[in-house]
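One-letter residues, chain by chain:
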Amino acid sequence: MSILEYNGGAIVAMVGKNCVAIGSDKRFGVQLMTVSTEFPKIFPATDKTFIGLPGLATDIRTLSERFRFKINMYKLSEEREIEPRTLAHLVSSTLYERRFGPYFVEPIIAGLDKDNQPFICGMDLIGCINFAKDFVVAGTTTDSLFGVCESLWEPDLEPEDLFETVSQSLLNAVDRDSLAGWGAVIHVVTPERVITRTLKTRMD
Amino acid sequence: MNPVILYNNDTSANVPVEAPVERQFYPYADNGGTSLGIAGADFCLLASDTRKSSGYSIHSRYSPKAFKLTEKAVLATNGFAADGLALTKSLCQKLEWYKHAHDKEMSTPALAQMLSNTLYYKRFFPYYTFNLLGGIDDQGRGIVYSFDPVGSMGTELCRAGGSSAALIQPFLDNQVGLKNQQGAQQTPLSLESAIRITKDAFTSATERDIYTGDYLEIFIIRQEGVTVERFDLKKD
Numbered sequence: 001m002s003i004l005e006y007n008g009g010a011i012v013a014m015v016g017k018n019c020v021a022i023g024s025d026k027r028f029g030v031q032l033m034t035v036s037t038e039f040p041k042i043f044p045a046t047d048k049t050f051i052g053l054p055g056l057a058t059d060i061r062t063l064s065e066r067f068r069f070k071i072n073m074y075k076l077s078e079e080r081e082i083e084p085r086t087l088a089h090l091v092s093s094t095l096y097e098r099r100f101g102p103y104f105v106e107p108i109i110a111g112l113d114k115d116n117q118p119f120i121c122g123m124d125l126i127g128c129i130n131f132a133k134d135f136v137v138a139g140t141t142t143d144s145l146f147g148v149c150e151s152l153w154e155p156d157l158e159p160e161d162l163f164e165t166v167s168q169s170l171l172n173a174v175d176r177d178s179l180a181g182w183g184a185v186i187h188v189v190t191p192e193r194v195i196t197r198t199l200k201t202r203m204d
Numbered sequence: 205m206n207p208v209i210l211y212n213n214d215t216s217a218n219v220p221v222e223a224p225v226e227r228q229f230y231p232y233a234d235n236g237g238t239s240l241g242i243a244g245a246d247f248c249l250l251a252s253d254t255r256k257s258s259g260y261s262i263h264s265r266y267s268p269k270a271f272k273l274t275e276k277a278v279l280a281t282n283g284f285a286a287d288g289l290a291l292t293k294s295l296c297q298k299l300e301w302y303k304h305a306h307d308k309e310m311s312t313p314a315l316a317q318m319l320s321n322t323l324y325y326k327r328f329f330p331y332y333t334f335n336l337l338g339g340i341d342d343q344g345r346g347i348v349y350s351f352d353p354v355g356s357m358g359t360e361l362c363r364a365g366g367s368s369a370a371l372i373q374p375f376l377d378n379q380v381g382l383k384n385q386q387g388a389q390q391t392p393l394s395l396e397s398a399i400r401i402t403k404d405a406f407t408s409a410t411e412r413d414i415y416t417g418d419y420l421e422i423f424i425i426r427q428e429g430v431t432v433e434r435f436d437l438k439k440d
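Line order of the protein sequences matches chains D and X.
Going by this note's numbering, the first residue of the first sequence is number 1, and it counts up by one from there.
Going by this note's numbering, the first residue of the second sequence is number 205, and it counts up by one from there.
Incorrect hints may have been included.
[As the list claims (entries may be wrong)] Lysine-lysine pairs mimicking DSS-like chemistry, simulated, CA-CA at most 27 Å apart:
(1) D:LYS114 <-> D:LYS70
(2) X:LYS383 <-> X:LYS256
(3) X:LYS403 <-> D:LYS133
(4) X:LYS298 <-> X:LYS272
(5) X:LYS272 <-> X:LYS326
(6) X:LYS272 <-> X:LYS256
(7) X:LYS308 <-> X:LYS298
(8) D:LYS114 <-> D:LYS17
(9) X:LYS439 <-> D:LYS133
(10) X:LYS308 <-> X:LYS272
(11) D:LYS200 <-> X:LYS383
(12) X:LYS438 <-> D:LYS133
FYI, nobody ran anything at the bench for these hints, they're computed from the structure.
Work the whole structure out from these sequences, hints included.
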C-alpha cells in the first residue's frame, strides 16, 4: 500500500461566484484502524487563504508548521499578506526541494486574491501544480470525489450553494471510502468573511 | 601450443549452455467500460457505454456489453470482454434449454441465481467479468442484481459497475438513494429522472475516465418488454 494512503483522508476545493470553498474529512487512521476523528487537514494561511494537506499525517503536521513559519516570514519581509497564487509556488518549491525524498502530501490551496478573485490549485507530492478553474480533489477518495464533483459542480455558485455542493460532494464520496470520513469540516471564503462549518456524518 | 588455449577457464565460451527459457501466457485482459443499473417501482434501467479499450488503445467505439437475455432481463458485463461474450453465450444457451424443458421463459430471480451458479462453477478459473443484471421480478417490480467474478450476488436499488464504478456510485447514492440529504423523503423514482441521472452520470464519468465514452446504451425493462435508447458520449 502507498504511503500516501497510510493514514487516509480526503480534501476538495471548489470555485464559486466571488468565493471559494474547501472541505476535508476529520479521520486519522493507521491503515484500516481509526485512531482519531478530530484530525482536520485544512490550515489557515491568511485571512482569505487555506491550505489543505492530505497524505501522511506526520508530514501534514511537519508541513503545516513549516508553511506557517514561511508565511509569517513572508509577511515580515514583504509587509503584506501572501497571495494565494504566490503561496502555491511557495508550497510547490518547498516540495520540490525534497524531489528525491518527498513529503507524502498532495496539497490543495484555496483562497481569494487581493482583488477578491477566487483561486484554487492542487499539486502532487513533488510540487507539480494543477491550476484548475472549477474544482480540485486530493487524498484517498479522489476517484469518488472526481465523479460527484464533475456531476454536482456548476459555474458561478453563490456561497451558500457552493457550501452545499462541496458538502454533498465530500460526504457522498467519503461514505464510499473506508479510509476517509468520520466527520467533515468546510470553509467557505467570501470577500466579507470566512464561514466555517463542521458537518455530522456517518461514523462507520 | 598457444598458452591462452591451454589455460582457458572461460567455460561459457566452450560448454554448450542449456538454460531454461521461460514463456508465459496471461489469459485475462481488462477492456474497461462502465455499466449502471437503477431499479424503479415498475421498471428497471440498465445502461452501458460501448467503448472497448486495451491499455491506451481504443479497439472499438461500438462494442456493446449489455445484452437482452429474456423479455424481462438485461445483462451488462464489465471487465474482460471475451469472458463477457462467452458467459453471455453460455447463459443464452441455458435459457434456451430452460424454455424447451419448462415451456416458459425463466424468471429474473431464477436467472440471477443461475448466473451466480454459472460464475461459481468456474471458481478456480473464473470468468473475469463484473456483472449487473437488471430486470423485473415476478411481481413486476424493478430489480438490479450485482455480481463479483466468482458469483457473489447482491440485490440493489442502484449500482454502478466497471472502470467508472468509483466515480458514479457515490453520485447514485446521493441522487437515487438520497443519501446525506436531510429531510428528503424517498418518493418512487420516475423513469424520466432515472434516465436524466444516468445521462449525467455517464457524461461526468466520460470526462475523467479514459475507458468510458463513445456511446451510451440505455435499456429500459418494463412489464411490456425491453426498449433500447442510444446517446452520444464524448469520443476523446
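Structure-based check of each hint:
1. D:LYS114 <-> D:LYS70: holds, 19 Å
2. X:LYS383 <-> X:LYS256: Outside the cut-off at roughly 32 Å; violated.
3. X:LYS403 <-> D:LYS133: This hinted pair holds, its Cα atoms lying about 24 Å apart.
4. X:LYS298 <-> X:LYS272: holds, 14 Å
5. X:LYS272 <-> X:LYS326: holds, 23 Å
6. X:LYS272 <-> X:LYS256: Distance of about 19 Å is within 27 Å: holds.
7. X:LYS308 <-> X:LYS298: holds, 13 Å
8. D:LYS114 <-> D:LYS17: Status holds; Cα separation ~16 Å.
9. X:LYS439 <-> D:LYS133: holds, 23 Å
10. X:LYS308 <-> X:LYS272: holds, 17 Å
11. D:LYS200 <-> X:LYS383: holds, 13 Å
12. X:LYS438 <-> D:LYS133: It holds: about 21 Å lies between the C-alpha atoms, which stays within 27 Å.
Consistency with the previously given hints fails for number 2 only.
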